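Enquirer: Sequence:
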Amino acid sequence: MDTALYRIADSYDHWLQRRYIKGKLATDPAYAATAALVEHRPMPLLDIGCGLGLLGRYLHARGAVTRYLGVDTDVRKIDAGRRALHLSGLDGALQLQHDEGAAHQPIQGHVALLDVLHYLPRDGQHALLDNAVSHLAPGGRLVIRNVLRERSWRYAFTRVSEFFLGASGWMRVGAQYYPSARELRAQLEGAGLTVNIRPLHGKTPFDSYLIVAERGPG
Numbered sequence: 001m002d003t004a005l006y007r008i009a010d011s012y013d014h015w016l017q018r019r020y021i022k023g024k025l026a027t028d029p030a031y032a033a034t035a036a037l038v039e040h041r042p043m044p045l046l047d048i049g050c051g052l053g054l055l056g057r058y059l060h061a062r063g064a065v066t067r068y069l070g071v072d073t074d075v076r077k078i079d080a081g082r083r084a085l086h087l088s089g090l091d092g093a094l095q096l097q098h099d100e101g102a103a104h105q106p107i108q109g110h111v112a113l114l115d116v117l118h119y120l121p122r123d124g125q126h127a128l129l130d131n132a133v134s135h136l137a138p139g140g141r142l143v144i145r146n147v148l149r150e151r152s153w154r155y156a157f158t159r160v161s162e163f164f165l166g167a168s169g170w171m172r173v174g175a176q177y178y179p180s181a182r183e184l185r186a187q188l189e190g191a192g193l194t195v196n197i198r199p200l201h202g203k204t205p206f207d208s209y210l211i212v213a214e215r216g217p218g
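So that you can map any letter, position 141 of the sequence shown is 141 in our numbering, and since no number is skipped, the others follow by simple counting.
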């Protein structure tokens, strides 16, 4: 798998992107966690806020999805991701699209929202979650990785880091609202989903949680 991860990074055309991607794929626990949740339930996956499309590349390398559609509002990242897909000969297998996260897409299956929610205001988060839930197939899983509002040193450290991330220009907008575990659970369970929340800090100092909401098979 290490060789496959380096191949993914080498398909991007900017050296800074390649450096970032090698580190991201090697250390970020969200990719392996998502793969473990979806690979035994093969169905399409909608990745909202996909950025460069790294989750799709990782899941494809693992053989974990039957179809992948990534959408993001940042056209720079979508274009970079598409160029990398073309260089790898994966244009047909994986799709990246410049679109709003709340837009309806012609896909039903699993849905991923990795590090997306806190860049939206509270009402925008609710709308995005409703849209994500609408794309779940029976047995589908909504996989969310996000900062959760709480009293901890990790949360304080993450808020400072997010400020500098926004100031750097990598993110088009900075963090808007940090949801609490209670808020997310209430909305998702209200939509009839089974919800599990657990820490996903990995070997990082950041506040990070994995929220998995599952639709029943019926």
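Simulated from the structure, these hints should not be mistaken for laboratory data. Treat each hint with caution, since some may be false.
To be verified - Derived pair list, reagent style DMTMM-like, types lysine to aspartate or glutamate, alpha-carbon separation capped at 25 Å:
1. LYS22 with ASP10
2. LYS24 with ASP130
3. LYS203 with ASP91
4. LYS203 with GLU189
5. LYS203 with ASP99
6. LYS22 with GLU39
7. LYS203 with GLU150
8. LYS24 with GLU162
9. LYS203 with ASP130
10. LYS203 with ASP123
11. LYS203 with ASP74
12. LYS24 with ASP99
13. LYS22 with GLU150
14. LYS22 with ASP91
15. LYS22 with GLU162
Here the structure is a predicted model, which is why all the values come from computation and not from measurement.
Enquirer: Hint by hint, work out which the structure violates, then give me just those numbers in ascending order.
Expert: 2, 3, 4, 5, 9, 10, 11, 13
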